[in-house]
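**Q** Adding 21 to a residue's 1-based position in the sequence shown gives its number in the numbering used here.
Do not rely on the hints blindly, as some may be mistaken.
[As the list claims (entries may be wrong)] Now the in silico label distances, taken between C-beta atoms and shown as ranges:
(1) Ser124 <-> Ala80: 30 to 40 Å
(2) Asp127 <-> Val77: 28 to 38 Å
(3) Asp36 <-> Ala80: 26 to 36 Å
(4) Gly140 <-> Glu60: 34 to 44 Å
(5) Asp108 <-> Ile139: 14 to 24 Å
(6) Met126 <-> Glu64: 12 to 22 Å
(7) Asp52 <-> Leu123: 17 to 27 Å
(8) Ser97 <-> Lys137: 24 to 34 Å
(9) Ser121 <-> Asp52: 27 to 37 Å
(10) Ala61 <-> Asp108: 15 to 25 Å
Source of the hints: derived by calculation from the structure; they are not laboratory data. These numbers come from a predicted model, not from an experiment. Beta carbons: idealized from backbone N, C-alpha and C, even for Gly.
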Amino acid sequence: MKFTEEHEWLLPEGDLIIVGITAHAAEQLGDVVFLELPEAGMEVTKDEEVVVIESVKAASDILSPLDGEIVEVNESLADTPGLVNEDAQGGAWFFKIKASDLSVMDDYMDEAEYQKFIG
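Please build the complete structure, drawing on both the sequences and the hints.
**A** This is the structure:
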């Protein structure tokens with residue numbers, strides 16, 4: 022698993038990358054009440070806004086960590102956005118992306134580096 026400075030986690034699964042936000046980010050947001058997810062089949066570029074997340078505290082944009090195609094979104098989050106608070110780094114993933122260039126993953130932090138970053 023890799024982590025971005027924007028508090029996203031990236032988990033390789035075959036030739037796809039699963040993307041979500043970290044437990045730390047979910048804690049900072051507070052209770053998540055709404056998510057706007059991208060459409061499957063959408064082509065995205067790195068740093069493009071792909072998810073809007075609203076909590077009782079704030080609204081935030083989640084940026085794509087990679088160039089590629091969104092191949093699947095976690096539809097269950099539309100009905101139960103609070104899952105982000107309950108299982109941010111598990112069942113509450115946002116989308117799966119088929120990355121154009123997997124070498125970009127090398128630029129992101131591992132868990133130890135991320136813990137140091139948020140510490």
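**Q** Among the hints numbered above, which are violated by the structure, and what are their numbers in rising order?
**A** Violated hint (a single one): 7; every other hint is consistent with the structure.
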